[in-house]
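Undergrad: Sequence:
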Amino acid sequence: VLRSLGIPTRVITNFNSAHDRNINLSIDKYIDASGKTLDLSEDSVWNFHVWNECWFTRRDLGSFYDGWQVLDATPQERSKGIYQCGPASTRAIKEGDVDLDYDSSFVFAAVNADYVTWIHHSRKRRERIYSDTRRIGKFISTKAVGTNARVDVTASYKYPEAKEISFTISYAQYKDSLKEDRKILVTAL
Numbered sequence: 030v031l032r033s034l035g036i037p038t039r040v041i042t043n044f045n046s047a048h049d050r051n052i053n054l055s056i057d058k059y060i061d062a063s064g065k066t067l068d069l070s071e072d073s074v075w076n077f078h079v080w081n082e083c084w085f086t087r088r089d090l091g092s093f094y095d096g097w098q099v100l101d102a103t104p105q106e107r108s109k110g111i112y113q114c115g116p117a118s119t120r121a122i123k124e125g126d127v128d129l130d131y132d133s134s135f136v137f138a139a140v141n142a143d144y145v146t147w148i149h150h151s152r153k154r155r156e157r158i159y160s161d162t163r164r165i166g167k168f169i170s171t172k173a174v175g176t177n178a179r180v181d182v183t184a185s186y187k188y189p190e191a192k193e194i195s196f197t198i199s200y201a202q203y204k205d206s207l208k209e210d211r212k213i214l215v216t217a218l
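Numbered as in my numbering, the sequence shown ends at 218 without a single skipped number.
There could be a bad hint or two in this list.
[Unchecked claim] Now the in silico label distances, taken between C-beta atoms and shown as ranges:
(1) Leu54 - Thr176: 22 to 28 Å
(2) Asn53 - Ser33: 34 to 40 Å
(3) Asp89 - Lys167: 27 to 33 Å
(4) Leu31 - Gln105: 19 to 25 Å
(5) Leu54 - Lys153: 18 to 24 Å
(6) Asp128 - Ser160: 18 to 24 Å
(7) Gly91 - Arg164: 30 to 36 Å
(8) Lys172 - Asn51: 32 to 38 Å
(9) Thr103 - Lys153: 34 to 40 Å
(10) Leu34 - Ile158: 49 to 55 Å
[What the hints assert, rightly or not] In the DSS-like style, the derived pairs of lysine-lysine whose C-alpha atoms are separated by at most 27 Å in a straight line are:
(11) Lys58 - Lys172
(12) Lys167 - Lys187
(13) Lys153 - Lys109
Since the hints were made in silico from the structure, they are not lab data.
As the structure is a computational prediction, the values presented were derived from the model and not from experiment.
The beta carbon of each residue, even a glycine, is placed where N, CA and C say it ideally should be.
Between the sequences and the hints, there should be enough to build the whole structure, so can you do that?
TA: Set out below in structure tokens:
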């Protein structure tokens with residue numbers, strides 16, 4: 030419909046798409062002390078989810094948010110009382126501006142939520158044991174114009190994940206660094 034009105038539109042596929050029911054920007058998994066999964070959260074991760082993007086000027090949000098906007102024709106949650114999703118600015122999603130109208134927090138979670146595992150000890154006590162910041166929002170894609178090739182648009186939705194750097198140092202280097210720390214502490218006193 031939007032294309033027939035002359036509005037640029039494309040289909041987007043998000044793999045490992047989070048469905049954050051309580052909008053806390055994380056997908057929470059609860060287990061008991063023996064490791065058995067508990068059914069305490071309505072959050073889920075879908076293999077993939079598809080929505081549309083349309084190119085809009087955003088006078089309501091400011092020109093910073095112009096460009097591709099997410100519209101989901103198959104919303105699973107109510108937004109302002111009705112089943113709708115968007116238009117959420119992809120720029121707002123990438124920048125983490127989750128307090129804007131039009132479901133930016135829901136779309137942010139779909140592509141960038143943390144997957145958090147908790148041990149549930151009692152009604153009042155839970156303990157976070159693991160947080161995976163890389164699991165959600167993989168290979169966010171659209172179809173190339175004129176071909177069936179996939180175009181990766183993940184960078185439009187999120188910054189690259191930080192890479193872990195492993196390194197080793199000798200005990201002598203470690204011991205020397207402790208000496209430097211003591212000098213700083215003595216100087217500060």
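Undergrad: Which numbered hints turn out to be false for this structure?
TA: 1, 11 and 13
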